[in-house]
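Start from the sequences, fold in the hints, and give me the full structure.
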Amino acid sequence: MDLPTYTNIWRIEKRLYKLYDLRLPMPLPIVWIGVFVGVAVPWSLLLALLGLPFDAPWHVVYIVPPGVVTWLSTRPVIESKRLTELLQSQARYIGEPRTWCRMAPVAEPTEITLTGKVWRAAPRRAADVRVKSARKARHTQAGRAASPREVRPAVAAAAAAAL
Numbered sequence: 035m036d037l038p039t040y041t042n043i044w045r046i047e048k049r050l051y052k053l054y055d056l057r058l059p060m061p062l063p064i065v066w067i068g069v070f071v072g073v074a075v076p077w078s079l080l081l082a083l084l085g086l087p088f089d090a091p092w093h094v095v096y097i098v099p100p101g102v103v104t105w106l107s108t109r110p111v112i113e114s115k116r117l118t119e120l121l122q123s124q125a126r127y128i129g130e131p132r133t134w135c136r137m138a139p140v141a142e143p144t145e146i147t148l149t150g151k152v153w154r155a156a157p158r159r160a161a162d163v164r165v166k167s168a169r170k171a172r173h174t175q176a177g178r179a180a181s182p183r184e185v186r187p188a189v190a191a192a193a194a195a196a197l
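With our numbering applied, the sequence shown covers 35 to 197.
Some hints could be false.
[Said to hold, decoys possible] Listed next, the in silico SDA-like pairs over lysine to any residue satisfying Cα-Cα at most 20 Å (straight line):
id : residue 1 : residue 2
1  : K115      : G68
2  : K115      : K52
3  : K115      : L58
4  : K52       : L62
5  : K115      : R45
6  : K52       : V65
7  : K115      : I64
8  : K115      : R126
9  : K115      : V103
10 : K48       : W66
11 : K48       : P110
12 : K115      : V98
13 : K48       : L79
14 : K115      : Y127
15 : K48       : I64
16 : K48       : I128
17 : K52       : Y40
18 : K48       : E119
19 : K48       : P63
20 : K48       : K115
21 : K48       : G101
22 : K48       : R126
23 : K48       : P76
24 : K52       : F70
25 : K115      : E47
26 : K48       : I67
27 : K115      : Y40
28 : K115      : F70
29 : K48       : R116
These are computed hints drawn from the structure, not numbers from a lab. Quantities reported herein were computed from a predicted structural model and do not represent experimental measurements.
This is the structure in structure tokens:
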């Protein structure tokens with residue numbers, strides 16, 4: 035399933051139309067040129083190590099195979115990906131742990147143990163509670179005298195009613 039995204043619009047393919055004064059027969063993407071050079075250099079070294087003379091039909095032996103490999107590697111193969119992108123994603127998939135690929139643990143234990151601690155503050159003394167409630171009462175009375183219409187949240191009103 036292909037989901038349309040617009041991330042590829044930022045991938046602008048740069049093309050060469052001419053090299054200095056030499057006009058190219060068709061505009062060549064820079065990626066193609068890089069892939070061709072990257073394939074042609076090792077190919078030429080391999081042929082030189084094998085002892086193939088340059089007198090052989092050089093355009094067929096030295097240029098056509100790297101050109102074909104370049105053309106094949108820059109075409110979309112599967113899932114609209116080029117060969118290099120496909121190989122990178124497959125290598126990434128193989129390199130990842132299976133638990134991340136399946137988004138599930140490898141094996142679940144048959145027994146799960148949970149531990150927890152309950153923390154409670156020491157109960158307050160009755161004298162501290164009375165002093166604080168007296169301060170609150172004075173504070174609320176002073177506030178009510180200043181503003182007769184005070185809007186309080188329901189939780190605060192319920193807490194005040196409980197006292």
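### Task
Hint by hint, work out which the structure violates, then give me just those numbers in ascending order.
2, 3, 12, 13, 16, 17, 22 and 23
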